[in-house]
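> Protein chains in written order, with the working numbering: chain A, -14 to 230; chain B, 167 to 387.
In short, the hints are calculated from the structure, not lab data.
Computed from a predicted structure; not experimentally measured.
In the SDA-like style, the derived pairs of lysine to any residue whose C-alpha atoms are separated by at most 25 Å in a straight line are:
id : chain 1 : residue 1 : chain 2 : residue 2
1  : A       : LYS23     : A       : LYS35
2  : A       : LYS37     : B       : GLY204
3  : A       : LYS23     : B       : ARG222
4  : A       : LYS37     : B       : ARG261
5  : A       : LYS37     : A       : SER27
6  : A       : LYS35     : A       : LEU22
7  : A       : LYS35     : A       : ALA166
8  : A       : LYS37     : A       : ALA166
9  : A       : LYS23     : B       : GLU243
10 : A       : LYS23     : B       : ASP244
11 : A       : LYS35     : B       : ARG252
12 : A       : LYS23     : B       : ALA240
13 : A       : LYS35     : B       : GLU248
14 : A       : LYS23     : A       : ARG(-6)
15 : A       : LYS23     : A       : LYS37
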Amino acid sequence: MTCADVDRRLSEGREELTNSPDLQTHLSHCDRCVRLLKSAQSIAALLQPKLKRVRPWPPLWASVAAAFALAALFAGMQILGAGTAGWTGLNIPQVLLLAVWAGAVILAAAVSLDSALRPAARAPVPSWLPVLLLTLGFPALSGVLFPAGTGDRFVPEGLECLLGGLMIAAFAGGITYGVAAYGYVTDWARTGMLIGGLGGAVALIALQISCPDHYFAHVAVWHGLASGVAVLTGWLAGRRFQRTG
Amino acid sequence: MITAAVTLGRTAFLMPAASDRDPSPLTGNPALSAVLPGLMSRYQNADAVAADELVRRVHPILTRYYYALTNSPALVEDLLQECWLRIHRARATYRPGEPVLPWMFAIARHTRVDQYRRWRRSAHRESSIDSLAAHPSLDPRPAMDTHLQAEAVLSALAAIPGGQREVLLLLKVRDMSVEEVARATGATAPAVKQKAYRAYQAIRRALGVPSRKREEADDLR
Chain A
-14 MTCADVDRRL SEGREELTNS PDLQTHLSHC DRCVRLLKSA QSIAALLQPK
36 LKRVRPWPPL WASVAAAFAL AALFAGMQIL GAGTAGWTGL NIPQVLLLAV
86 WAGAVILAAA VSLDSALRPA ARAPVPSWLP VLLLTLGFPA LSGVLFPAGT
136 GDRFVPEGLE CLLGGLMIAA FAGGITYGVA AYGYVTDWAR TGMLIGGLGG
186 AVALIALQIS CPDHYFAHVA VWHGLASGVA VLTGWLAGRR FQRTG
Chain B
167 MITAAVTLGR TAFLMPAASD RDPSPLTGNP ALSAVLPGLM SRYQNADAVA
217 ADELVRRVHP ILTRYYYALT NSPALVEDLL QECWLRIHRA RATYRPGEPV
267 LPWMFAIARH TRVDQYRRWR RSAHRESSID SLAAHPSLDP RPAMDTHLQA
317 EAVLSALAAI PGGQREVLLL LKVRDMSVEE VARATGATAP AVKQKAYRAY
367 QAIRRALGVP SRKREEADDL R
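Could you put the whole structure together from the sequences, leaning on the hints where they help?
So, in structure tokens, the structure goes:
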């Protein structure tokens, strides 16, 4: 019997291995296999007291539903707190296009985040897609949907939207981070970026519901900035976390 | 007999020729891949027997993986313990029905990367590469029929960049598919193919073996 035989039989789960005379003979002169068996036994002994039933990771549709529920929660809170002046001021095509865009961003972020939180998960959506939809797609869409111009109080109203958007993004990102803690993250920079992206998308939706300023410059700059800052903050925080462990 | 150093094809890298090949833990084992998802699900349900069996079956595979990457018995022990604790903590992230080994290798790889980061951060820069010769009983090479070019292959393998070496080990030693390696390493399939191709070229150059582009391309399909 060789060391490779021992490894193979262990991996194949052959029950007769432990009592095999061949094995005993091999172990009598092979420190490597003795050490391997002892190591496996000590690891098994280490894990036994820690055994506790865990719920397997939910299916993808559950992750997507959770992301939409998060967006709906903050949208509802925004409606209760700040009204629907933004939403009611939009025409039907604007509402439809914004809804499609928001749905696409939330879906892409949820799918991408689901794969980022599980080791070796298949990634049906690249992680750059939700970020691209958010940081470039939204300003581009705003250019199509909203008239040019800056409005009367470009900076004061803009700062108000930016601060409000950042607060919503921070809360939504915080909740998402709480969920992410149940996963196993191998790339924190990417995961942080996606958490920030999801938070930013939720903030954008909330702002579009309540903000009555529908000039392109206001929407693209201040609303877009809130989501962009959220993405950047998430990415930087993730990188820092990865470096410092 | 080993034909590794001469023919770097799919069936002949650090492995016996196909004709006299015995299924070994160095090669992929379809039966093992089939049984692991069930064990993993039972492990998630706190089944002690399943946990024990899972460790017994996968431990030799992870041990060889770490030996191939680090060459340090002490470090391998630390990595194995850390890796199993992480596997245990992360067991909820395994989605039933998915392949187990890429999931475990992703955690094993991440454990190694974190260990390297910690090592870089630490002030003391002790040498982590113990000579394998100092631990002859732990040397995996005797199991690989070390005659002739095996030493040269190992030297060439040690000389290529870590990312390429890892891809080559998972593809050729673990016999994982390109897709599985891509999942385990968090890379895309084309990136894995490219790394493997570069690794082949580097090893060929080191061994003075002429290039066989067509065969390698077929191998990575």
